[in-house]
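Please work from the sequences and hints to get the whole structure.
Chains as they are written, first to last, in this note's numbering: chain A, 11 to 63; chain B, 983 to 1155.
Hints were generated in silico from the structure; no laboratory data involved. The reader is advised that the hints may include incorrect statements.
In silico DSBU-like pairs for lysine-lysine, Cα to Cα no more than 35 Å straight-line [to be verified]: (1) A:26 with B:1126; (2) B:1153 with B:992; (3) A:53 with B:1093.
Beta-carbon label-pair distances, calculated as ranges [said to hold, decoys possible]: (4) A:47 with B:1114: 19 to 25 Å; (5) B:1004 with A:41: 39 to 45 Å; (6) B:1155 with A:18: 26 to 32 Å.
Idealized CB from N, CA, C, for every residue including glycine.
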Amino acid sequence: MVYSYNEKNEKIELIKMPILSNKDAKNVEDAKVPVSFLKNVMKLKLNIVSNTQ
Amino acid sequence: MSSINNYSFKQLSSSSCKKSKNIILNSFDFHPTRGIREKEILSQTFIDASLGNTKITLISDETKSNHKKVGLIALSNGSFELNSKALPSIIIDYIFVNYLDRGDTNTQDIKISQLLLYYAIQQAIKISKVVGVRYLILRPDGGKENKKLVSFYKSMEFRYMTIKHEWMYLKLT
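Following this line, the structure appears as structure tokens:
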């Protein structure tokens, strides 16, 4: 649930999810993220403390 | 200077978001001019998290006193429509870095905002192994005019969906 200020900058509002047309689809469908980037991110050892009450 | 091992990521339950909202919000320093806006969005994010609509993870610097909280990220799931199909995605609802810690780096020269994004990418990829999600998406606050922020997300391999949309995506699969 993403919020931002409205155009008049008066109050925050919920932003609707995007709707892409057929014309726009190809770029997003065919996108490629460098495998090395994702591999390097997954290699990082982050100190994650789970599900704190 | 901290190493990335000195930062801990703590996932908050919905009940802790409800109970600790004000304590956590008051522990942060906000931008001198955009602070009201930041605090209002953060407050709404905690309300959503207390209802289970988003999940907040805090990042703390364990080298600082009381393991100081230096930022957070809120993640949820949703879908965007592409070619008349709803595509499941992980949404970065909000990234916040404590004002006084913005731009701080560690021994690996990684900013706190980068660490939060690396956390989001790792979690999204893990989720994508067991649940059908194909994209990690976000909407830079301030839109395309916020060139510094957009350039940061681009350096993290996020791309705009289209010229007219404000949303950026990173394909997970």
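Quiz item: Of the numbered hints stated previously, which ones are contradicted by the structure, given in increasing order?
Solution: Violated hint: only 6; rest satisfied.
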